[in-house]
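Novice: Here is how the chains run, residue by residue.
Number of protein chains: 2
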Amino acid sequence: MARELVVSVDAMGGDAGPGIVVTALLRVVQRHPNVNFILSGDEAVLNELLARNSRLKGRVSVRHAPDRVAMEDKPSHVLRRGRNTSMWHAIDAVKAGDAEVAVSAGNTGALMAMSMFQLGIIDGISRPAIASIWPTMRGQSVVLDCGANVSATGEQLVDFAVMGEAFAHIILGLERPSVGLLNVGTEEQKGNDGVKEAAAILRATSLPMAFHGFIEGNDIAEGTVDVVVTDGFTGNIALKTAEGTAKLVGQFLRRSLKRTWMGQLGAFIASGALGALRRKLDPRAANGGIFLGLKGVVVKSHGGTDAIGFASALDMAIAMAKADINSRITADRAHITKGQIQAVAP
Amino acid sequence: MARELVVSVDAMGGDAGPGIVVTALLRVVQRHPNVNFILSGDEAVLNELLARNSRLKGRVSVRHAPDRVAMEDKPSHVLRRGRNTSMWHAIDAVKAGDAEVAVSAGNTGALMAMSMFQLGIIDGISRPAIASIWPTMRGQSVVLDCGANVSATGEQLVDFAVMGEAFAHIILGLERPSVGLLNVGTEEQKGNDGVKEAAAILRATSLPMAFHGFIEGNDIAEGTVDVVVTDGFTGNIALKTAEGTAKLVGQFLRRSLKRTWMGQLGAFIASGALGALRRKLDPRAANGGIFLGLKGVVVKSHGGTDAIGFASALDMAIAMAKADINSRITADRAHITKGQIQAVAP
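In order, the protein sequence lines correspond to chains V and G.
First residue of the first sequence: 46, per my numbering; consecutive thereafter.
First residue of the second sequence: 46, per my numbering; consecutive thereafter.
Please note that the accuracy of each hint is not assured.
Identical chains blur together in the list; that is why a pair holds if it fits in one copy or across any two.
Derived DSS-like pairs (lysine-lysine); straight-line CA-CA distance at most 25 Å [unchecked claim]:
#1 K303 / K292
#2 K241 / K119
#3 K241 / K340
#4 K340 / K383
#5 K235 / K119
#6 K383 / K241
#7 K102 / K367
#8 K292 / K383
#9 K383 / K140
#10 K340 / K119
#11 K241 / K367
#12 K367 / K140
Think of the hints as simulated: they come from the structure by calculation, not from any bench.
Since the model is a prediction, treat every value here as computed from it, not as a measurement.
Isolated chain V, as found in the complex (with noise of 0.2 Å):
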């Protein structure tokens, strides 16, 4: 039999608690029998949530982890000051090899700072990126970098292409997803230097990729590419314009459905098809940052999640964790010469 899968949570990350980090994995266990849990956090508090599941029982341990990192703890404070936090101890795990990936709900730039430092970057990629996956028109897409960095080069660009068309072949299932740049026209001459220059690499290059050039911000949910490329200043603020759009449209819909009894009423008989539409929309059935580029795989949860939402990440977790991903980064990258990269810079 093949060794069983391992996955490390950081079980103080989250807004919620490790409650509903319990609640998760008694979700997650029985959908994935062979795969099991390492728990960071209080010790006390952990014991007694598990010893109250004996559906857990000999599928997770835990690691005595005395601190926990807050919402407002800045990246370097985190890094001086933080190796007895749980968000330490999940990602030592990984570090160690004795889990695949690690799942946390807390403080993505402290998570991304640890992460940087205790794995490190794969070879030949300059930095890493966060990756959501966005409901579409034709189905799902990968966007990145939602946040991880607040500016990208071309070159840098072109690393978040390789590693997010690598993430929708494993995520999505595709044989070669389609990759666009996001930009505020599709004309070659449109834009800021660094989508330019990352078009130019791309069009220069002999990776395997089948490049469609730039998008502009309705094709990402119209679904044009399978991989949208952005910076993490624009990819940030696009995910969160996008959700609370999805917030204010679902919220005009009740207010529109409420002011008549003829809405009311027809609301109630089609009770059935909106609620399909909510769950279509629920924030939590896609919930996870994925974090690209580094040597061992880290997924972010929302920190405002709850067990449903906390489940999804572990779900997307253990997908990672199953593929191999950085060997086709690391393959694809090198398919990138540094003289294609310095012919078009600036």
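Since the structure of chain V is already known, use the hints to place chain G on it.
Specialist: For chain G alone, coordinates are given in the frame of chain V:
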């Protein structure tokens, strides 16, 4: 009686041609009895369209322009060879003092380049910006820059804040609109150099402004502030991402309702409420990007809009022409000294 207001219209700018412009005028002349119009474009075509509509008699004059700007024309090209286009003539009427405001549904980059060249930039303002109005949970907010520039320094973002505040004062009727800088987090150390510099300048000045600090993408739809300030790259992508998301949710709603007969029946009964939602989300209701920072007012209508949308752009242009936005911008900008800007520059 006060001098009548005159609106200068590029009649050949949009995808649909001059037909929708004349239909839009028929809607607008009734609402604004003291406003007259100059149409620039193909004289023969325009005179024939006008001859069929007696209600426009005496309210509309025509200026012949044999050429038109194409959607794919580069700004540099139209500045050299665009003097005979309807767009050039439309802006020229404002420059010559024959009209208070120009409206075009043509190529945005060309319209901005021609407007800057012909009208010039307000003294003290570094770059013009495109503002647009977004629906929010609390009403409406102003977002700028939506695409005039592909990047912005801290000082330029400060100029956008001053211009956006003045615009919200006039169009939303707020005495002192609140202003937020779009960023990847709300903590002071977050973000790129541009937003950090802009925040430092806005905190250091004696500007009479309700500066809120940083906001995130979801704050736009939530209506956290009245004015959202960002660079043109991020703003354009956020705008189009939001439009795409609203369309996506609408499509998910239709699909969900169609899937079951209960959904279809409920939708039929609630059709009035769903129609109200559709009107609320109709992008034609607030159609138009407003060019701020120029010595003259220019309104850009969406290129693909119809007569209803173009009429909204004309309404916006008339509201702008009635107010003296530039004197508020100049007065507010004077509160920011060179020393304050240099103190925070890198």
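Novice: Does each hint fit the structure? Answer for all of them.
Specialist: A quick look at each hint next to the structure:
1. K303 / K292: Answer is both: 17 Å inside a copy and 22 Å across each meet the 25 Å cutoff.
2. K241 / K119: between (33 Å within a copy, 16 Å between copies)
3. K241 / K340: For K241 and K340, the Cα distance exceeds 25 Å both inside one copy (29 Å) and across copies (32 Å).
4. K340 / K383: within (22 Å within a copy, 47 Å between copies)
5. K235 / K119: Answer is between; shortest inter-copy Cα gap is 10 Å, intra-copy 36 Å.
6. K383 / K241: within (17 Å within a copy, 33 Å between copies)
7. K102 / K367: within (23 Å within a copy, 74 Å between copies)
8. K292 / K383: Intra 44 Å, inter 42 Å, cutoff 25 Å: neither.
9. K383 / K140: The answer is neither: 30 Å in one copy and 51 Å across copies each exceed 25 Å.
10. K340 / K119: Classified as within; 23 Å inside a copy, 45 Å across copies.
11. K241 / K367: neither (35 Å within a copy, 41 Å between copies)
12. K367 / K140: within (17 Å within a copy, 66 Å between copies)
The earlier numbered hints that this structure contradicts are 3, 8, 9 and 11.
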